[in-house]
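Chemist: Okay, here's what each chain looks like letter by letter:
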Amino acid sequence: MSVHQGLDVLTLLQDIWFIVLLFIIIIYTILDGFDLGVGFWFFFSREKDKSITKTDRRILLQSIAPFWDGNEVWLIAAGGILFAAFPDVYATVFSAFYLPLILVVFCLILRATSIEFHEEFDSPIWHRITDTAFIIGSIIPSFSFGVVIGNLVQGLPIDENKHFTGNLLSLFNPYALLIGLLALTIIITHGAIYIRVRTTGKLQKKATNWAKIGIISFLICSTSSLVISILVNDHILDNFFSNPFLLLIPALGFVVILITLWFIWNEADPIKTFSASSLSISLSILGAGVAIYPNLVISSLDPDYSLTIYNASASDLGLLVMLIIALIALPLVLLYTLYVYRLFSGKIKANGSHSY
Amino acid sequence: MDAVALAKIQFWITIGYHFIFPPITIGLACFIVYFMTKYMRTKNTYYKDLSWFWVKLLATTVAIGIPTGIVMEFSFGTNWSEFARFVGGVFGSMLTLEVFFAFFLESIFLGVMLQGWRSSRISDRVLWFSSIMVAVGSVISAFWILCANSWMHTPRGFMVEGGRAILTDFWQAILTPSMFPRFFHTINACLMTGSFFIIGISAWYLLKNEHIQVAQDSIKVALIAGIFFSLSQVILGHWNSTMIAEYQPAKFAAQEAIFETESGVPLILFAILDETNIYFKIDTFFLPLLSILLGNPNATVIGLNDLSPDIPPVMLTFYSFHGMVILGGILILVSSFGVFLLWKKKLFGNNWVYQNWFLRMAVFCLPLPILANELGWVTTEVGRQPWIVQDVMRTVDGISTVVPAEQIFLSLMLFIVTYFILSIIWILIMRRIIRKGPVIQEVNK
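Order-wise, the sequence lines are chains G and S.
Under the numbering used here, the letters of the first sequence match residues 1295 to 1650, in that order.
Under the numbering used here, the letters of the second sequence match residues 148 to 592, in that order.
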């Protein structure tokens, strides 16, 4: 695929930035994945006894309250890196997915304000509104991310000027919708496992069942999307064929998913389960990365029009400067992220309202 | 309506709305650091409770500021994709720097601050440290955003190759000639916004005779800060204008309404004008004040007629600029009055009839810096037109060509409705917090 032969500096930098981008997406999915997942299960936390629902929901919200905002920044970081390192991809994809992305942004606004303002007014109507906003604001982005990735893997009608020539409806094709569902199942499984980490008693029991539902639906979706991917979009196998050693990644991923399943069924240590789930997410995304490399957006019109890390990147100096900065900043960010997680670890107790 | 007009309107509304909130946040964050430091020094929990009151207002504001800021970060790709494609390697990296060095810091430590305060399981030292990180993060955030914005006004450190801006010198690209004047002018505006925000709310309490202690302690600090930042804004604003005169002559001519090239130009204080003519003006007659401000009584100012056709809309630039200046003047007067009362010890206690006048004015002044911020932003951005990157790329060429006008119309409607509802919620919550007032635990006082 690549026209670049040999190891010049630009190619090296482009490869490194592809890896950094994957890394950021992995961290984002692991971190924001769980709080988006909590948003999904928020809907199912409804009980006949309204006061239990209220307490449970308060616990769920508290479990993500200190973290969700920082987690979401990883999405912005991924967007920023696309903008700076692969401007063509950022420009083409964001304008191609105009309305879906506006909808995602709209959901993120709903979500942010509903979490922060949930306890501001103690009225049932207000809680109904903010609960709904939180649920919708969590589900639609989770699903949409999958739809976007599905389209990128399957290919978009990109012309020789790197412009999208399709229309809105073509983005919602069956394959993309399936990948959307896959993304949703990953996130809800991860979310349910996270709830198990932070809760006790009945709510934790409930979360165990949610995790079971989540992982089964995830297995169904991942198997079917894998089969369909191989049948419909066989170009994703090219890299694996040329380097069979890489098949270890999806194979290992599959093993870790089964281990996660086994942990959930045996109600193993929640933190262990959460780690397994995080590892399976990392391997899945890494596998997807290997499958599309070096493409970022595949053109369905002509493979030569595809946006790759080589023809869509910024200049070598730009990439180098950014890399130096990322090497300084990312460890710092990870360090204080870890610190904050330690600060607020442990089980949530059901006491007290936290209105301002 | 065509796609370009719709995209412009959407950008106007989304960024104009977003820009209401960060200045309040940055200003308040700095004051909170002050009060928290005072708490750490005196160990008097009164200052902790006082800080918490302002933190609640900060948190409510940030909760809208952050997601509406995310809209902006997405909008370059969704609505201005050709601009993004062109400048990504330069402009995009500055936005990414903002995420790496500021946004993470701010968001994560804001979480610590809020949850720490509510759950009381976080030590005072960590709380204090978080409050500093939030303030530092928000200022660094402004720094990078303004670097990126300054690059659009005075682009440096790049070359155009194959229809792309290619970075050639990183330091030149971030430290462009307009960077420092813009940064200090804007941060100073944020601190003014924070000061008058606190002055306004404290004055309201003093008028209603509630939460006297908190109001007195807050208004004292905020008044002194308020007059200091209002006065320094005169110098910083002047610095910014001389920069504009040097690097963006068309914007300068529009904001000062200079149509014909002249030397020894008087300063226009007020005018009635349209895009091509001045119908009525009050200026400094024989005194060439505008030229003097530029450093030389004979300094030449190039007029719009010699700069056309690439000139900005004159009316909008002129009136927004002058609106901002007038508001700045009002704020100087009001804060001087306040400081005078404070100095004469007439501000507190019901011993002087003019006191209430001042307090009412102070409440009225609360939104004025926000309005001035918006007008200043209109001046600088409208003044750059028709360019999106000064002298390099035109705004019309930056638009997403693949997005149909109907879709932009749809998203525009969505934003208008959402932002309208958000404003109502924000005002209701702020009002509720202010009505409830600070809760001071008497035990430790």
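Treat the hints with care, since some could be wrong.
[Said to hold, decoys possible] From the structure, some residues in chain S lie toward chain G, with a derived Cβ separation under 10 Å:
#	residue
1	GLY224
2	VAL234
3	PHE251
4	GLN262
5	VAL543
6	SER547
7	LEU557
[Said to hold, decoys possible] Once the Cα atoms are required to be at most 27 Å apart in a straight line, the calculated BS3-like pairs of lysine-lysine come out as:
#	chain 1	residue 1	chain 2	residue 2
8	G	LYS1499	G	LYS1348
9	S	LYS355	S	LYS155
10	G	LYS1456	S	LYS185
11	G	LYS1348	G	LYS1456
12	S	LYS185	S	LYS583
13	S	LYS355	G	LYS1348
Quick caveat, the hints were computed from the structure, so don't treat them as lab data.
All of these numbers come straight from a predicted model, not from anything done at the bench.
Glycine residues also receive a C-beta, built at the ideal position from the N, C-alpha and C atoms.
Chemist: For every hint, state whether the structure bears it out.
Modeler: Right, here's what the structure says about each hint:
1. The interface hint given for GLY224 of chain S holds, since its Cβ lies 3 Å from the closest Cβ of chain G, which is under the 10 Å cut-off.
2. Taking 10 Å as the C-beta cut-off, the interface hint given for VAL234 of chain S holds, the closest approach to chain G being about 8 Å.
3. Using the Cβ-Cβ criterion of 10 Å, the hint placing PHE251 of chain S at the interface with chain G is satisfied: the shortest such distance is roughly 5 Å.
4. At a threshold of 10 Å, the smallest CB-CB gap from GLN262 of chain S to chain G is about 4 Å, leaving the interface hint in force.
5. A least Cβ separation of about 16 Å between VAL543 of chain S and chain G goes past the 10 Å threshold, and the interface hint is therefore violated.
6. Hint on SER547 of chain S holds. Least Cβ distance to chain G is approximately 4 Å, under the 10 Å limit.
7. At a threshold of 10 Å, the smallest CB-CB gap from LEU557 of chain S to chain G is about 7 Å, leaving the interface hint in force.
8. Using a Cα cut-off of 27 Å, the hinted pair LYS1499 of chain G and LYS1348 of chain G holds, with the two alpha carbons roughly 17 Å apart.
9. For the hint linking LYS355 of chain S to LYS155 of chain S, the alpha-carbon distance of about 44 Å lies beyond 27 Å, and the restraint is violated.
10. A C-alpha spacing of about 57 Å is found between LYS1456 of chain G and LYS185 of chain S, which places the hinted pair above 27 Å, so the restraint is violated.
11. Taking the CA atoms of LYS1348 of chain G and LYS1456 of chain G, the gap is near 50 Å; set against the 27 Å cutoff, the hint is violated.
12. Between the alpha carbons of LYS185 of chain S and LYS583 of chain S the distance comes to roughly 24 Å, so the proposed pair stays at or under 27 Å and holds.
13. Of the supplied pair hints, the one linking LYS355 of chain S and LYS1348 of chain G is violated, its CA atoms being roughly 37 Å apart against a limit of 27 Å.
Consistency note: the structure conflicts with the earlier hints numbered 5, 9, 10, 11, 13.
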